[in-house]
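Colleague: Kindly produce the complete structure, drawing on both the sequences and the hints.
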Amino acid sequence: MATITHSKSEKLKIGIKKYFSILFYKTKIENWNKIGKIKSFLILLFSILPLILFKVREDLDSLNNFEILGISIMIFVFVILFLAFITKLWSWFGIEFKKPTWNENPLSLNSSKSLNFFQFMGFWFITSGIIKILFIGVFHQKFDKESILLFVYGISLIIGIKLSLKILNKNGNKKTVANTV
1 MATITHSKSE KLKIGIKKYF SILFYKTKIE NWNKIGKIKS FLILLFSILP
51 LILFKVREDL DSLNNFEILG ISIMIFVFVI LFLAFITKLW SWFGIEFKKP
101 TWNENPLSLN SSKSLNFFQF MGFWFITSGI IKILFIGVFH QKFDKESILL
151 FVYGISLIIG IKLSLKILNK NGNKKTVANT V
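Using the working numbering, the letters of the sequence shown correspond one by one to residues 1 to 181.
Rather than coming from a laboratory, the hints here were simulated on the basis of the structure. Each statement offered as a hint is correct.
Derived lysine to aspartate or glutamate pairs resembling DMTMM-like cross-links, with alpha carbons at most 25 Å apart:
no. : residue 1 : residue 2
1   : Lys142    : Glu67
2   : Lys55     : Glu146
3   : Lys34     : Glu104
Simulated restraints, written as ranges between beta carbons of each label pair:
no. : residue 1 : residue 2 : range
4   : Gly94     : Leu53     : 41 to 47 Å
5   : Lys142    : Ser7      : 39 to 45 Å
6   : Asn105    : Ile130    : 20 to 26 Å
7   : Lys88     : Lys142    : 38 to 44 Å
8   : Gly137    : Phe93     : 43 to 49 Å
9   : Trp90     : Leu45     : 30 to 36 Å
10  : Val77     : Lys142    : 23 to 29 Å
11  : Phe117    : Lys34     : 17 to 23 Å
12  : Ile159    : Ser91     : 16 to 22 Å
Here the structure is a predicted model, which means the values were calculated and not measured. Even for Gly, the Cβ is constructed at its ideal location relative to N, Cα and C.
Modeller: Here's what the structure looks like:
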């Protein structure tokens, strides 16, 4: 039996193609339970509600591009390092963090599931940032730079969770003396 081997670029194309198929997202959504569907609805509601309730400001250009870039980079680095540091610190006190799943309650008082809250907030900020950028861009022909900060904050939360789990070694095998030598 022959095995099919793909180059790195072919694997990348296959991986990217997977994310653009409707079937991929349909199977993901079918796996959601009641909590996952409620979380999705709340994220959409919390992202659209400010656009309906509040008037869009006319002075959207209050920050220049360099200030937004600097603030975005600082937020990105700080949030990632903060999450990684806090999870490592709490793991020294015996708390084992579990990998967050979409079907769990983000307001759980169980400290091992506290990353679920950060995951929920990250996806909320990403969605809110994208919706505000598109809404203000389409209807007001302006670029809301503060929505970029929401988006960057959400992305940094998700990356911070991934880095925290990698540091705590939740995705791979435990490092022992036997397999690191």
